[in-house]
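Undergrad: Following the hints, position chain B against chain A.
Given next are the chains, with one letter for each unit.
Protein chains: 2
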Amino acid sequence: MKNLIVQKYGGSSVATPERILAVAKRIASYKKKKHRIVVVVSALGDTTDNLIELAHRVTSQPSEREVDMLISTGEQVSIALLAMALHKFGVDAISFTGAQVGIMTDSRHTKAKVLDINAERIRRELRKDKVVIVAGFQGVDTRQNITTLGRGGSDLTAVALAKVLSAATCEIYTDVNGVYTADPRIVAEARLIPYISYDEMFELASLGAQVMQARSIEVAKKFHVPLHIRSSFSSQEGTMISKETKALEAVVVSGIALKKDEAKVTLCDIPDRPGIAAKIFDAISKAGINVDMIVQNVGRTAKADMSFTVARTELGKTMPAIKKIAKALKAPKVLFDDDIAKISVIGIGMRSHSGVAATMFKALASKKINIEMISTSEIKISCIVARKHAEEAARVLHKAFGLDVGGKKIKKK
Amino acid sequence: MKNLIVQKYGGSSVATPERILAVAKRIASYKKKKHRIVVVVSALGDTTDNLIELAHRVTSQPSEREVDMLISTGEQVSIALLAMALHKFGVDAISFTGAQVGIMTDSRHTKAKVLDINAERIRRELRKDKVVIVAGFQGVDTRQNITTLGRGGSDLTAVALAKVLSAATCEIYTDVNGVYTADPRIVAEARLIPYISYDEMFELASLGAQVMQARSIEVAKKFHVPLHIRSSFSSQEGTMISKETKALEAVVVSGIALKKDEAKVTLCDIPDRPGIAAKIFDAISKAGINVDMIVQNVGRTAKADMSFTVARTELGKTMPAIKKIAKALKAPKVLFDDDIAKISVIGIGMRSHSGVAATMFKALASKKINIEMISTSEIKISCIVARKHAEEAARVLHKAFGLDVGGKKIKKK
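Residue numbers (our numbering), protein chains in the order written: chain A, 9 to 421; chain B, 9 to 421.
Mixed in with the good hints, there may be bad ones.
Below, a list of computed lysine-lysine pairs in the DSSO-like style, where the Cα atoms sit at most 30 Å apart [to be verified]:
(1) K294(B) to K96(A)
(2) K136(A) to K121(B)
(3) K96(A) to K332(B)
(4) K96(B) to K332(A)
Derived by calculation from the structure, the hints in this document are not laboratory data.
Note that this is a predicted model, so its numbers are computed, not measured.
Isolated chain A (complex conformation) (with noise of 0.2 Å):
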């Protein structure tokens, strides 16, 4: 549709009636711009965890799908009182739940994925010149009963609306000026990204950078739907995310991120021989468990360590698991680690420029920094360090990768 604009306010953007309001006003503007809009609201502030923790005084184990019937009602108080703001402002606007503008998902109740949007109601709505607010996060199974699309899955609303309704942009308005090259609560010389792509935005979200879902980002770069992360509180440009960076010379390094909440599983000797690894994570996969990295190393005998991380918080269900494995492959013993904290370097420039790695082992090293585990791909390395030591190898790799000064720059091919 022409001149449509996906704008989505997270849930510190529409915490208080007086965001709200802000919010409301924003908008405003925008519509006075002739501009077609399509909103999409996160739950109010802290709505959703509150909800949750009301679940929890009931039962200790709610089931999934009275979860999901429970905590979508958070966006639809959000989507309600934004739409009354918008009419106080005389724009004429119209909320919708995820079941009203037929945005369907499979029943994978709590971590649904979308199929399908039947767009049809917006559309109407948008003709006849309204702002069209959507309830972010959620959808409907196809016996219409009420999915939710896990954490952040309001980005993936907006990003799914954008691609569906053709919009010419999607913007995520959050509490921060965009995407910085490290958290500036950790990085005092952190400093904002103006253009980024989709793959370096996507392992900047996976690796800890929280303004964005990293599902949502991948979903947008394969629909090329461009992407513009920017402050609800400030009328400054952001980051903008699309699938060429439009700096005429690209850093090697464009962000540090940091990730605090993994914890490390090892498996000592376990026998060196085909099919083990795979019977290792079809354990672990199998209960419920998702793992981030995984290491092997062989050392001179038959026999290898295997190590692996996953969330802090699954660590409980995890252990139990891996033991019965390990007992059944005669690896007698497991250890693990959850005093520690992930730091990667991301760049699209790493697929043209060497050295990287050893930069960022020298700079480790240069602070007493022990690794415990690396990890690499395409245009990330990840190390894995003692948490003690996070935020000050934040510092020294963002120093070394001349992020302070804009970055190490090369010449594009």
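TA: For chain B alone, coordinates are given in the frame of chain A:
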């Protein structure tokens, strides 16, 4: 459906996680007795009021469609939490919003009328031996917009479901033991009424006894749905409401009702000719105001005085409308009094028993309570008195009709 009970729990019965668990325990004990159960729940405690307050922090005039979108979340929270609580006790249960179980209404937001219920989904789940939990107070119109049924609308949901599913009984759980001959907080001698007719209960509810919504009683009567009003905090039987009172002898007056939230408006010296009343109440109706009592008395001249009562909260809307029509009618004087109360005596015994009005007026006179307006129906007499006399009026009438000793008896014809 055989052995089916519909149970409705009001907001005070589910105000906290602890109370929700208590309600779940009660339902679980019914389930053991091989009942099929459909549960209708209201929003937790003051949730609806809190949501409306939140809306008013955004705008003083929220759109009614968005108010429905907002406040319908209250019941959605309740149904999810109750389902979780039932699961905890090992009872298979599933929750549904009004939209999900096809409670179809018209589009009059905040006061929609139920048009139809497509109960197929409920029947399917009941056949699987599940307890089905339905959000009270809400439905959807033909375009899937969420609607609400007005204050006390959960009662209507329960009665409508009981009718559609041919339930054996519809239990209305509240925080009192049932219906009393008068408000026990005002009249210490008030007694629980074990059996009462729909008609009497309708009048009691309309006139201020707040245990159940009046409209729901009307619907229950129309479709012969047996009602049982009882406490969710005890296992004691409450008040049974049906077509025929089961007592061999009926009492003249069943109960006293008191309503303190009305205001009186009087138009003085209006022309006494056909069509005038129509003009006045047409104007008031167009202003969206519900009128309760209307009294006109013709004097010795060709002029009349016309008085009527409205909800006190609507007085602000009523006065401009009525002043305008007064001007058009050349009836210059409009008086109002918002310091009144309505005291009523109700009883189907009145139909066959004379002297009720005389007893009532004499009792009020004995306490020097002045009567400002009188209105009667087949089974009730209402008087407007000064608000400061309201409670004394209730006490003297309770005694005058022998309600403290079981009521003045009359043989049934």
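Undergrad: Compare the structure with each hint and give your call.
TA: Consistency of the hints with the structure:
For the hint linking K294(B) to K96(A), the alpha-carbon distance of about 24 Å falls within 30 Å, and the restraint holds. For the hint pairing K136(A) with K121(B), the CA-to-CA distance comes to about 28 Å; that is within 30 Å, so the pair holds. A C-alpha spacing of about 28 Å is found between K96(A) and K332(B), which places the hinted pair at or below 30 Å, so the restraint holds. The hinted pair formed by K96(B) and K332(A) meets the criterion: a straight-line CA distance of about 29 Å does not exceed 30 Å.
Consistency note: the structure conflicts with none of the earlier hints.
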